[in-house]
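In order, the protein sequence lines correspond to chains X and C.
With the numbering used here as the guide, the letters of the first sequence map in order to residues 1 to 199.
With the numbering used here as the guide, the letters of the second sequence map in order to residues 1001 to 1182.
For the record, the hints were derived by calculation from the structure and aren't laboratory data.
You may find that some hints are simply not true.
Below are the DSBU-like pairs computed for lysine-lysine, each with C-alpha atoms no more than 35 Å apart in a straight line [unchecked claim]:
id, chain 1, residue 1, chain 2, residue 2
1, C, Lys1013, X, Lys10
2, C, Lys1162, X, Lys148
3, X, Lys192, C, Lys1108
4, X, Lys148, X, Lys25
5, C, Lys1160, X, Lys145
6, X, Lys14, X, Lys48
7, X, Lys48, X, Lys144
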Amino acid sequence: MDNSNSNPQKLPLKELLNLFLITFKIGAVTFGGGMAMLTIFSTEFSEKRNWVSGDDIADIAAVAQTLPGIIAVNVSLLMGYRIGGVPAALVAALGSVLPSFIVLCIVATFYSILSDNVYVRGILRGVSGAVVALFVSTLYKMSKKNVKDYWGFGIFIIAAVLMFVFPSLSVVYIILGGALLGFVLYYLILRKRGGTGRD
Amino acid sequence: MTDYLLLFWIFFKTGLFTIGGGMAMIPLIQQELVARGYMTAAEAVDMVAISQMTPGPFAVNAATFAGYNLAGIPGAVVATLGIVLPSIIICLIVARFFFRFQESPVVKSTLSGIKPVVLALILSGLVSVFRSAVLPELSITAIDFPVLLIAIVLSLLMLKTKISPALLILLSGAVGAVFLRS
Chain X
1 MDNSNSNPQK
11 LPLKELLNLF
21 LITFKIGAVT
31 FGGGMAMLTI
41 FSTEFSEKRN
51 WVSGDDIADI
61 AAVAQTLPGI
71 IAVNVSLLMG
81 YRIGGVPAAL
91 VAALGSVLPS
101 FIVLCIVATF
111 YSILSDNVYV
121 RGILRGVSGA
131 VVALFVSTLY
141 KMSKKNVKDY
151 WGFGIFIIAA
161 VLMFVFPSLS
171 VVYIILGGAL
181 LGFVLYYLIL
191 RKRGGTGRD
Chain C
1001 MTDYLLLFWI
1011 FFKTGLFTIG
1021 GGMAMIPLIQ
1031 QELVARGYMT
1041 AAEAVDMVAI
1051 SQMTPGPFAV
1061 NAATFAGYNL
1071 AGIPGAVVAT
1081 LGIVLPSIII
1091 CLIVARFFFR
1101 FQESPVVKST
1111 LSGIKPVVLA
1121 LILSGLVSVF
1131 RSAVLPELSI
1141 TAIDFPVLLI
1151 AIVLSLLMLK
1161 TKISPALLIL
1171 LSGAVGAVFL
1181 RS
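The shape of chain X in the complex, shown without the other chains:
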């Protein structure tokens, strides 16, 4: 999709159904939350279908993380909106929430039986390894889009150190700090000097 296109186009019904099925599939198989979902979103929306660009995904991930609410749902909504406006956003949100809803209603009914079952515990142990891999893959894919120069790398290091040294510090402050640093560095300082080495 053309990056300069700010007004998303209307999707035909068939594509909306397709979008629903893809987000439903993502919701049904993703363990580990919104960030783990990103790598599947990137495979399905960008690599397979070219609905959004890699840079769009990086932008959407940053905005989804900054806004209040559930990150995975925010990502679905913003991706959907980018692809086909409000209807697509709502369809994508519904698709990614519905599997949770169905699964949890079933699990809540049977949970005392399920939690002691050896097969269930085996499945969960296997899947926990896959969740680690999802994060590795997301980290790798996002690293190229999210850190584009030494300044970005510096902000990444500062943020990571803050998160590990002060685990109880709210992420909100670190994100706001990043936003402020980005504005001061890239807009006020580097742009004035002309040429930021970016783009």
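Go by the hints and put chain C onto chain X.
Structure of chain C alone, referenced to chain X:
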């Protein structure tokens, strides 16, 4: 009726005031539900464990589970709607403007500062899932080697091949059911 409204309000508030995702929401939900006598502290711990063990967004799972336990399917619907609605309202408003100003220098500069923080968040997510999956007892002598092997093989497959991650997750579950029963 007032019970449903209150349930909706608890989850709506939680969805509205949390930035940074599901895990950050859990203490809020726990406090509200346990303090109001909707749930015992032990049930709240189960809620967290089950929401982590099931696919999908963590906070949606927790809301559906808590709502279902309190009032069956209608409770699950009300709680899930409550937790999702703030996302829908806020994202639709922001999306209208964001994609129009995505290329403006101010927005680009600010995002350039946020994106490395997002990457740090992913790293910290990786560290925490690695710890709970591979080092469940937090000791270097108690490494779960089969899980570590799955993590390494799947990382390579996800990075080097075009096999769908969704398929790989299902496969690792099947491998777990066959070989990792305990």
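We went through each hint and held it up to the structure:
no.: 1; hint: C:Lys1013 with X:Lys10; verdict: 32 Å, holds
no.: 2; hint: C:Lys1162 with X:Lys148; verdict: 25 Å, holds
no.: 3; hint: X:Lys192 with C:Lys1108; verdict: 15 Å, holds
no.: 4; hint: X:Lys148 with X:Lys25; verdict: 32 Å, holds
no.: 5; hint: C:Lys1160 with X:Lys145; verdict: 18 Å, holds
no.: 6; hint: X:Lys14 with X:Lys48; verdict: 17 Å, holds
no.: 7; hint: X:Lys48 with X:Lys144; verdict: 19 Å, holds
In summary, the structure agrees with every hint in the numbered list given earlier.
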